[in-house]
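S.K.: Sequence:
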Amino acid sequence: MLVPTVCFNCESACGLLAYVDKETGEVRKFEGNPDHRAHAARNCAKGPATINQVLDPERILFPLKRKGARGAGQWEQTTWDEVLDTCPNAFASAR
Numbered sequence: 004m005l006v007p008t009v010c011f012n013c014e015s016a017c018g019l020l021a022y023v024d025k026e027t028g029e030v031r032k033f034e035g036n037p038d039h040r041a042h043a044a045r046n047c048a049k050g051p052a053t054i055n056q057v058l059d060p061e062r063i064l065f066p067l068k069r070k071g072a073r074g075a076g077q078w079e080q081t082t083w084d085e086v087l088d089t090c091p092n093a094f095a096s097a098r
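Using our numbering, you'd call the opening residue of the sequence shown number 4 and step up by one each time.
No lab work stands behind these hints, which were simulated from the structure alone.
Since we're looking at a predicted model, the values are computed, not measured.
Idealized CB from N, CA, C, for every residue including glycine.
It is possible that part of the hints are untrue.
With a Cα cut of at most 16 Å, we get these calculated EDC-like pairs of lysine to aspartate or glutamate [said to hold, decoys possible]:
#1 Lys32 <-> Asp59
#2 Lys49 <-> Glu29
#3 Lys68 <-> Glu85
#4 Lys70 <-> Glu85
#5 Lys49 <-> Asp84
#6 Lys32 <-> Glu14
#7 Lys68 <-> Asp88
#8 Lys49 <-> Asp59
#9 Lys68 <-> Glu79
Here are the simulated distance ranges between beta carbons [stated by the list, open to error]:
#10 Asp84 <-> Leu5: 31 to 37 Å
#11 Glu26 <-> Cys90: 22 to 28 Å
#12 Pro91 <-> Val6: 30 to 36 Å
Please build the complete structure, drawing on both the sequences and the hints.
M.R.: Laid out in structure tokens, this is it:
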């Protein structure tokens with residue numbers, strides 16, 4: 004199935020189409036969206052390469068907060084509500 008989305012690799016937010024496997028829900032590839040109002044399927048190489056980020060086994064899947072001293076590389080999972088409560092000014096428009 005084709006799902007319209009945008010590229011998140013820069014501030015341009017070019018239009019993409021995500022090819023999603025209906026059975027597994029996994030994204031198979033990205034390509035330019037010809038119906039996007041600003042870019043009409045004209046994307047740089049970053050757009051289609053977004054699949055590498057989506058499939059990266061080391062990508063962060065949930066919010067983390069530092070555990071231990073700064074720079075120690077220790078993290079623990081938290082919730083989005085806790086993030087918004089901890090940093091209300093940084094995410095004022097998120098609520």
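S.K.: Going through the earlier hints one by one, which of them does the structure break, listed in rising order?
M.R.: 2, 5, 6, 11
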